[in-house]
Structure formats: C-alpha cells, structure tokens
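Peer 1: Residue strings, one per chain:
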Amino acid sequence: MAMNARRPGRSRLTILVMVLASITIVTLDAKDVPVLRSLRSTALDVLSPIGSAFQSVTGPLRNAWRGVTDYGDLEAENRRLRERLDELRGRSEASAELAVENRKLRDQLALKTETPIPTIVGRVATGNFTSFDDNTAIVDRGSDDGVKVGNPVVTKGGLVGRVQRVSATRAVVQLVTDPDLVLGIKVKSNDIGTGRGTGAGKPFLVDSGIDLTDEVAKGDLITTAGTQDSQMPGGIPIGTVTKIARNQADLVQVLEVRLAADLTRLDFVQILNWVPPS
Amino acid sequence: MIEVVLVVRWSVLVITALVVQVGVAPEFPVLGVVVNLMLLVAVGAGVVGGPERGAVVGFFCGFLLDLLRGSGALGLSALAYTLVGAAIGATMTQVLQVRRWSSMAIVAAGSATGTMMFAVEGQLFGERTLTNPRLWTIVTVGALLNGVLSPIVLRAARWAERRDDEPKVLGAIDV
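First to last, the protein sequences are chains A and B.
626 is the number of the first residue of the first sequence in the numbering used here; add one for each residue after it.
642 is the number of the first residue of the second sequence in the numbering used here; add one for each residue after it.
None of these hints come from the bench; they were simulated from the model.
Treat the hints with caution; some may be incorrect.
As the list claims (entries may be wrong) - Using 20 Å as the maximum straight-line C-alpha spacing, the simulated EDC-like pairs for lysine to aspartate or glutamate come out as follows: (1) A:Lys656 <-> B:Glu668; (2) A:Lys827 <-> B:Glu768; (3) A:Lys781 <-> A:Asp845.
So that you can see chain A by itself, here it is in the shape it has in the complex (with noise of 0.2 Å):
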C-alpha cells in the first residue's frame, strides 16, 4: 500500500484541479461546444462497438443468466402474452373485415394512401452501460446511414422513441419511457392531448388534453397525433388504454397506457427518416 499522503499539499492542488476541470467540462457541455460533442460520438463509434462484439460473443451466457435473474418477470410476461394473444385473435377477424370495408370506401372516394416514410432498419447495438440509462437504447445505424436528429424509431408493434444524438455509425434513441419526451397523442375519438412516459417498466401516462367529455374506454389505441409542430408524424401506434382516472382539479382524464412496442427486449428497430418541422 503506497498511500500518497507525503505532499498534502500538491495533493490538495490536483484534487482542486481535477475539480475544477469537471467543473469546466460540465459548463462547456451545457453550452454544447463542438469539439465535446464530437469527442462524445467518436467515443460511442469507437467503443459502442466493443459492446456489440462482446453481446454476440456472450449471447448464450446473457440469456442463462437472464433465465435465472429474470424467471419472475418472464413468467409474469408469458402469462400477459397468452391473454394478448387470446385477445388479438378475437381482434384480427374484425380488422380483416374492416380493412376490406376500408380498402373499398378508399376506392370509391379515389382516395390516396398516405405516403410512407422511407425506414431504415437498425438493431439495437448493445445494453445501457449504465444503470441510469434505462431511458435510451443504442442502435447500430448513424449519420452514415442517413440517421438524423428528432428521427422516429418504431416496431412493428409501435413508437419507440426518437433518436437523440447521432454518431457516425450509432445512434442514441430517447425512448417513449423518457419523461422528458412530451408527445401529442390522438385517441380513437379524434380528440388530442398529450402524453408523456413515467420511466422504464411503467405506464405511458396522457395527462393533459382529454377532456372529460371526450369519448375514451379501456383498450381504445392511443397515437401519435402528427400535429402541426409535432414531434412525430401522425398515427404511429403508441399503446393501449388499460386505465381512466378524471383529474375533476383540471376537469381531464388521465388515461394510463400499456405501450404497444415491447421496450424490455428490443432487437430491430426502424428508424423513420422523417424529422420534426424546424
């Protein structure tokens, strides 16, 4: 052991400047200097694929310890996807018929289908490095591919989130989870609010918008209501509703939504090149 304790002085000297220079780099990030941002996606393009390589290497490993750590959770889900898939099956028939009703009223209006948005398809590159960071994934798609700032990301299921930084060949998704994303939804009624996730794990919660006179019930599908000055475009599935309580303080309801993209295993993803109008 070779406590360096013979120079309190000079010891107190480089503690004050390590200090100081975390300081500095906390000011100077908070103003967004250049040269940090891009020493930042140099460092996801460097490192982030390390994670990838050892998340092939390890795959075997991760999922027997994911066997064990997680067996509560996995029977909880399993036993959630039996009743969704009970329910889907009813719902599937429907759809078909209804989707044959549109395609016809579609034709005899001569109406257009919206235009779709060009995808790129991405997969999630590697797992959060830290603890604190169950609020965004990584995707192995960047700049390079096209990637931009304010990109959708979705699944076939739904939203996911929107990408947040991007690096040459990565990209940083804020997910639907993230308090901080505020999103416009539109429930089956056409009335529109907005939303915003509670963290990972939990409910997407519409708290502002929804009228108590507004038409909702349990199971109604919440969107992204594609507003002007929205940052998605419309009708991507958010999720369903599994609970209504009325806010009588801000004469609203407050609708808790289950989220129709399985966020606890995401794999591939797509990113929407559709950005957010300045």
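We have chain A; now place chain B onto it with these hints.
Peer 2: Frame of chain A; chain B shown alone:
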C-alpha cells in the same frame, strides 16, 4: 520514471475496466442494475493510493463513463468520482488497519456515496436521476456488487500503485 510506470499501469487498469464496462457489464445485470466498474476503480484508487490518486483516477474513470452515456450532461460522473475518490483516499489515510471484510465495506460505502453524488448532480442538471423510481435499487445493488468485486479490483489497484523502489511489505493496511 516511476511516475511514468504508474501512469501506464493505471491507464491499463482504467482501460481494461472500460472495456469490461462496455462489453460485459451490460450483459449481466443484477435486478436490472449494471455493475459500475468505473466507480469501483475510482474508489479502489482512493483506497490504495490515497486522496490524490483517488481524485485523478476518479476523474478519468468518470469522464470516460460520461462519454459512454447515451444521454445527460458530460462531466457529472467525472465530478462525482473525483470527489468520492478523494474522499475515500482521505478517509483511508486516517485508518490504521483494514482487513478484507472492512475494505469491502469501505468500497461498498464509497460506491453508494459516488452513485448518490452522481444522482444529486444529475438532478441539478435536470436529469431526474434523484427522482428515478429505481434509485435505491441502483444504489444498494450497485454498492453490494462493487463490494463483492472489490478484492479483485483492489488487487489490480495495488499492482498499478506499486512502486518498485518501495519495500514489498507495505505497512499495516491489508486490503
């Protein structure tokens, strides 16, 4: 020359920890908590090398972790780990004898302090870290994991801190 050797050894240790943090730690979370090896190395530097070493190693460990984080302000981990590395180092200079179990407890306590410090700073910068519903799980499980892993990291830290001009028997502190 001795200083150069020290820098090289500590660099090797920090980079190794970084690679393990990036490659292995996210794959094996415990109760959803990812072990924080960078914090563990920062605390280990304080335990083994004193306040100055704790601060310097803590700064670099924190800064590298900040660069890795997908979101949040840069420099928050650097500040937290600098302070905790220095604080643990200062505490250790007052301790005459440390056994293996107590060193594990000290590392666990240092890790909990570092995580809380980061959470407080994050909250000040609008990151909702202090109001994170899983904060206490992250602090407790993270501290326990670091405590359990501390013998390995402290051994590596002793290797990094060893000065070849010093006697092999290094006083009463036995970590």
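Peer 1: Taking the hints in turn, state whether each one holds.
Peer 2: Okay, the hints, checked on the actual structure:
A threshold of 20 Å between alpha carbons decides the hint, and for lysine 656 (chain A) with glutamate 668 (chain B) the separation of about 34 Å lies outside it, so the pair is violated. With a C-alpha separation of about 18 Å, the suggested pair lysine 827 (chain A) and glutamate 768 (chain B) falls inside the 20 Å cut-off, and the hint holds. Restraint check: the Cα-Cα separation between lysine 781 (chain A) and aspartate 845 (chain A) comes to about 18 Å, which is no more than 20 Å; the hinted pair holds.
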